[in-house]
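Make a model of the complete structure from these sequences and hints.
Going down the list, the protein sequences come from chains A and B.
Residue numbering for the first sequence follows the numbering used here, starting at 956 and increasing by one per position.
Residue numbering for the second sequence follows the numbering used here, starting at 956 and increasing by one per position.
Check each hint, because a few of them may be wrong.
[Claimed, not checked] With a straight-line cut-off of 25 Å between C-alpha atoms, the simulated DMTMM-like cross-links for lysine to aspartate or glutamate are:
1) A/K1261 / A/E1155
2) A/K1261 / B/D1257
3) A/K1014 / A/D1002
4) B/K1261 / A/D978
5) A/K1261 / B/E1260
6) B/K1261 / A/D1106
7) A/K1261 / B/E1234
8) B/K1261 / B/E987
9) B/K1014 / B/D1002
10) B/K1261 / A/D1002
11) B/K1014 / B/D978
12) A/K1014 / A/D1258
13) A/K1261 / A/E987
14) B/K1014 / B/D980
Since the hints were made in silico from the structure, they are not lab data.
Quick caveat: nothing in here was measured; it's all calculated off a predicted structure.
There are 2 protein chains.
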Amino acid sequence: MTSADAVVALDVGGTGMKCALVDPDGTVLHTERHPTGAERGPAAVVDTVLEVAEGLAGKARADGRTPVAVGIAVPGVVDEARGVAVWSANVGFRDVPLRELAQARLGLPAALGHDVRAGGLAEARIGAGRGAGHVLFVAIGTGIAAAHVVDGAAAVGAHGAAGEIGHILVRPGGPRCGCGRPGCLEAVASASAVGRRYAELAGEPATAAEVAARAAAGEALAGQVWRETVEALADGLASGQALFDVATIVLGGGLAQAGAQLLDPLRAALHERMTFHREPRLVAAALGDEAGCLGAALLALDDLEKR
Amino acid sequence: MTSADAVVALDVGGTGMKCALVDPDGTVLHTERHPTGAERGPAAVVDTVLEVAEGLAGKARADGRTPVAVGIAVPGVVDEARGVAVWSANVGFRDVPLRELAQARLGLPAALGHDVRAGGLAEARIGAGRGAGHVLFVAIGTGIAAAHVVDGAAAVGAHGAAGEIGHILVRPGGPRCGCGRPGCLEAVASASAVGRRYAELAGEPATAAEVAARAAAGEALAGQVWRETVEALADGLASGQALFDVATIVLGGGLAQAGAQLLDPLRAALHERMTFHREPRLVAAALGDEAGCLGAALLALDDLEKR
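Next comes the structure, spelled out in structure tokens:
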């Protein structure tokens, strides 16, 4: 690759797509955002994805760059080896051969990845987990998901479904999760769960950010909800550490934007739970909501190298 | 290697050592068992390990075989990259450079591994998980530990402590675990936990095997303990599957000797917990208590290939 090359990268979410042109050295050259329009159905979303990717390749050429590969990250169950978006609740994909479709449309080698695993890959290689070797990236937003990254590669699993830390059991008999089971980590500690729990106790709705702000301002109920959340997250991370034994846990997603208000008590609660375990560093994500897009670019570059 | 080669393999446990000469094709040529004698202190245990290994190498030569490598598996925290037994509660090891010691004493290349990870490696490659690609081996005995094996390699972790599924939280506020925390899987579903729980309810002691037999014979209390155990194990395995997404879960250790009495209800309870997950096959281990020793031989052979 020459310095005039560029990778086309897209991170397709339930509501929006984060898109970029990325230099092979990891530098972001250009970013774009587009609505996903998931309500139009999966076929229309695929059309939009391909159109936006084509547009980005054109933009690269117009800027004097040669587009060399396409990386696409999508949520849900993703078969990265076959390049198929197997299943996604919020985008509606069912067995969409997105890699092949992108290759055919753009005439460029393409790679398909899972959004959180791609984000974890980027955080582990060029973000907050840089140099750690063994990293667990945990994204806490509407849901909770993770990527276990060892030596720069994210574990995919036998069926493309690895890393679902949101669905480990932490509160048996607890609130029912979106997945149908009671007491999943996601059902008690996601940003949505924080809002729900506050509404339940206070009788009025609030976002997780509002609960955080009220807790910081000394409101007792908000403080209680925040503490419960931290305890549940610490239980989940401690179970993850028992299984993975990572050097660094990187927290991303909306809830992690609470910064020290989340990280400080969570670090203390995690420390309390470490017995035989080797304690991991717990740090905030460094790449913000562009992590998935950057990770898609890294996947595309990895794939190019293997060819 | 020629067909006249042999690998010296030892699996050092808290009470006994399982030892073997193994053909490079995986065939066991000869087995020996020796007491570990952990009460004599770690230095004496190291002496015994080296002496037994030397004896096995001599036995190989006497049988017309050439000993080509030594593989040793030990419990606790094991740094496989450096070949150091970092920490082991039941054998007393603290930072013992066992690989180097074995190499110096026997004049052969040596590999050091973790007992459960070695057992998992063997089950995944030549045992019940053969051909599955992604395998979780779970050993349920006095304690509970696991090995996550992908494409024939067991995950070691950043500090040699990966796979501690016995210490994921399944019963918050539950019985205190040996590790000091309440509600660990090991504290409610290991063979020892089954015995303890029965004693608590029935007022008389019983081993897990006795509880299993009484449950099978229709004793109500034993049946209740068995059901509780199955539920807790299913919770633990479901959390493991959410994170690892394996194709096959292999159950080993003493409790798995209950066979269908454990596997059938556990399979049903696990099935109930699978929502978005891809359901893994749940099977009994195939290599019995020689899995760790066979795995040690495989590690030694892997290491030979890399040299």
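Each hint tested on the structure:
no., hint, result
1, A/K1261 / A/E1155, "violated, 52 Å"
2, A/K1261 / B/D1257, "holds, 24 Å"
3, A/K1014 / A/D1002, "holds, 18 Å"
4, B/K1261 / A/D978, "violated, 35 Å"
5, A/K1261 / B/E1260, "holds, 23 Å"
6, B/K1261 / A/D1106, "holds, 18 Å"
7, A/K1261 / B/E1234, "violated, 31 Å"
8, B/K1261 / B/E987, "violated, 28 Å"
9, B/K1014 / B/D1002, "holds, 18 Å"
10, B/K1261 / A/D1002, "violated, 47 Å"
11, B/K1014 / B/D978, "holds, 13 Å"
12, A/K1014 / A/D1258, "holds, 22 Å"
13, A/K1261 / A/E987, "violated, 28 Å"
14, B/K1014 / B/D980, "holds, 19 Å"
Hints 1, 4, 7, 8, 10, 13, counting from the list given before, are not met by this structure.
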